[in-house]
Amino acid sequence: MNRLLRSAVILILALIAGCATTWTRIDDANRSYQGEHYSVVLPTGWMRLESSGNLLLSKDGIDLQRIIIEYHPHDKAFEKLKKTSSASMLPSELAELTLAELEASQKDGLPSLKVISNSPVEIAGHTGFLLHLTLKTDDGLRIEMLMQGFADADGYYLLTYRAPTLYYFERDRGVFESVSASFHG
Amino acid sequence: MERYRGFAALLFAMALLSGCATPTAKIHYTLKEHADSRPLQQVVLLPVDVNVKEMSAGGVEEEVPEWSRKAEENLRSALLIARGSEGGCCVTRMVDSSSLTPEERESLEEHLALFNTVAANALWVDLPGNSAWHFKSEHFDYTLGDGLSFLKTRYGIDAGLIILGEDVVTTGGRKAMAILAAAGGLYVPLGHSILVGGLVDFETGDLLWLNHTVSTGNADLRDPESCLALARKLMENYPGMRALADSKSSAGD
Amino acid sequence: MPWRFLAACVLVLLSGCQTARPIHPLQGQADTQQLTAEEQRVWYTARELDVQMEKADYLYEDAALQAYVRAVMQKLYPEYAGTINVRVVDSTSLNAFALPNGSIYINTGLLARLDNEAQMATVLAHEGVHFTHKHSLQQRRNMKSTTAFSTTFGMLTGIPMLGDLMGASSIYGFSRDLEREADAEGFQRLQAAGYDVSQAPVTFEFLLAEVEALDIDEPYFFSTHPGLQERIDNFRALVKQHGTAGGYRGEEAYQSHIGALRERLLADYLELGQYQSVLLILTEKDAFTRYPPTAWYYLGEAYRLRDEEGDADLAVKAYQTAVARVPAFAPPYRALGLHAMKTGQSAQAVSWFNRYLELAPEAPDRAYIEMYRSQMSP
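Chains as they are written, first to last, in our numbering: chain B, 1 to 185; chain Y, 1 to 253; chain W, 1 to 378.
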């Protein structure tokens, strides 16, 4: 388990803290997810783990590809930064805080993190942001991430896709885009 | 190299959780369905990566480089085998990375890092509590992608055998502590030996075979005989090759 | 505690009391070719971290800055040229650490905060002593047989794990005696190299003020209050003892090499959401003698991110100052445009955005600005 997988495990443990949840396989019968704050269509054949309204999806294992769908109430949007979100925030401001929160989540920051692009995007009828990022693990494996987010009156929503650049990122990117296209806040 | 210290922890945890049941090698689903569907003529042994560490009385592990080198040498000897008479796949030679261009070496390095991640995830699905994932073992389809296909097209190599290992050797002080602690009803962790092996089809990147073995007993990768025994366990169900027990070691080309 | 376990502790402590060769400081380059087996182990692990730091892109790629820092190290430790290898780490934290194999790392965050070459030399001289006097090895010996099960590898050797470089030598710390030795020996190196030693305590007074002002929770290099205060006290005592006649400070040379880094660090702090650091730096007296006038923009951004009462006005004033001082610098126009947009001044916002995009046609956030502009245009 490399360092990032260790971090993922910590994230997952945090997500499921206090909840007796297990992985379930997504099939035609259960691919439409309707949660308290959002609905989304999930990719069949993938696996899902749910906790407190947040979803973790993967096909081969969370370090080979993962999609995370999160909802945060405004007052808990950026806990590491001790910052809140609001419906009136500009998408560029949300992107800025999302990036800072990501870096603040690691002890050393993320020295290898680079922004490939940062642009506005439509999600669920809202104008949000799309960040395309790259970073490296400590054994030199390149990782890419897509982070899409927006805020409405209810809270802050973030969809993240993460996979190694070699083979996996492009292969499963379309799945993330489909999930994102089906998302309704 | 400390490329996978957490990986070793994962395997060790799996061994403990599984009650030390013998792990089952994973075979690519295409080979399970048609055993001869992917004939391999040339297989290279990629650089073996083994860490041998000493665990101090205080429980701190520290790599001993000369022990690591010895263990790697032992593993190489155990694994390099002459081509079988049936023409089946077996390891024929070490990879010669000096013949690669710098870009190819960098690509190979990154693919080895990817193997680390792929193998960790492929084994993680077997953890108790991940029963919903067990179908991934039954239909084993893990891959590194086709980024190493240059090794096939330019050098004519079909596949690569990747071996990673960790051996934690406890000091006498630590062992003494463990004995006394046990008498007091306390558990003090001692050493372990772990090997992970994977066979990668260079053309497709498919992981044709993946296996691991964990010993919490007296295995010692610094000792050629002990290393050979552990390597034999690892190489069970290695596709297209005679059981290691039947073959005498000799260098390939 | 069961008596048998106590017996085990005693046994282990006794087994730890083996006769080991005493550890002598290095006397020169030649000594690095005659390492004991024990030393070879820690050097090997240190080299592994060196490789990982490069592979994981932790290093700051600026050849000129790298050469400058190395040249200063060369002045301090001329006899270890080729063995002591200083590298700059791309990180905002105030950190520097030495590995047992002579690799020394100093963060861009620390470099940007220091004032002159003598202060940087103070840090490098101190770290160099950890290498020449084999403090990692001494620490390792002291801790190896401990029955403290929470001992980690980093605590044992002072070699951090990648991803936890904050743990290097600071959280676990070399012992007080070893740190004092590093101060004293490092001070001598500073003097021998002709530096103004009065800057040695100033280096740490400066850092202590920052740590206190930022109320930093995480301990990192030099940031634990006792550690910093002790450095200050030690160096004041050394200065008193040895005097401070003359010595090179190198303010101009330092500024010429670090100036661009300082501005970059302001941007890095903001990217990390660390606006407090930017406010601390840029509200210091004479801040703008060390930072270029473009720094007014970063000050404005820090106020904007802090977002307390009155900060919006302070931000606008800072942006306007940046525009007045550096009219061709694009970012403040964007910032003014965003502020105007959010306060309902659409025409003004469009005007600012137009100017921003004229000055920065390849701006990475062009798509956002064009979208905002089109939302406000009639």
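Hints were generated in silico from the structure; no laboratory data involved. Each residue gets a CB set at the ideal place from its N, CA and C atoms; glycine is no exception. Please note that the accuracy of each hint is not assured.
[As the list claims (entries may be wrong)] Computed footprint of chain B on chain W, listed as stretches where at least three residues anywhere in the stretch have a Cβ under 8 Å from a Cβ of chain B:
hint: 1; segment: 62-72
hint: 2; segment: 269-277
hint: 3; segment: 309-320
hint: 4; segment: 365-374
[Claimed, not checked] Label pairs and their calculated CB-CB ranges:
hint: 5; chain 1: W; residue 1: Pro378; chain 2: B; residue 2: Arg171; range: 41 to 47 Å
hint: 6; chain 1: W; residue 1: Ala287; chain 2: B; residue 2: Lys76; range: 23 to 29 Å
hint: 7; chain 1: W; residue 1: Arg47; chain 2: Y; residue 2: Ile179; range: 32 to 38 Å
hint: 8; chain 1: W; residue 1: Leu35; chain 2: B; residue 2: Arg25; range: 41 to 47 Å
hint: 9; chain 1: B; residue 1: Ile116; chain 2: Y; residue 2: Leu190; range: 31 to 37 Å
hint: 10; chain 1: Y; residue 1: Leu127; chain 2: B; residue 2: Ser86; range: 36 to 42 Å
hint: 11; chain 1: Y; residue 1: Arg232; chain 2: W; residue 2: Ala260; range: 56 to 62 Å
hint: 12; chain 1: Y; residue 1: Pro102; chain 2: B; residue 2: Ile116; range: 46 to 52 Å
hint: 13; chain 1: Y; residue 1: Asn237; chain 2: W; residue 2: Arg176; range: 54 to 60 Å
We went through each hint and held it up to the structure:
no. : hint                              : in the structure
1   : 62-72                             : violated (count 0)
2   : 269-277                           : holds (count 3)
3   : 309-320                           : violated (count 0)
4   : 365-374                           : holds (count 5)
5   : Pro378(W) - Arg171(B): 41 to 47 Å : holds, 46 Å
6   : Ala287(W) - Lys76(B): 23 to 29 Å  : violated, 35 Å
7   : Arg47(W) - Ile179(Y): 32 to 38 Å  : holds, 36 Å
8   : Leu35(W) - Arg25(B): 41 to 47 Å   : violated, 55 Å
9   : Ile116(B) - Leu190(Y): 31 to 37 Å : violated, 47 Å
10  : Leu127(Y) - Ser86(B): 36 to 42 Å  : holds, 41 Å
11  : Arg232(Y) - Ala260(W): 56 to 62 Å : holds, 60 Å
12  : Pro102(Y) - Ile116(B): 46 to 52 Å : violated, 24 Å
13  : Asn237(Y) - Arg176(W): 54 to 60 Å : holds, 57 Å
Consistency with the previously given hints fails for numbers 1, 3, 6, 8, 9, 12, ordered from lowest to highest.
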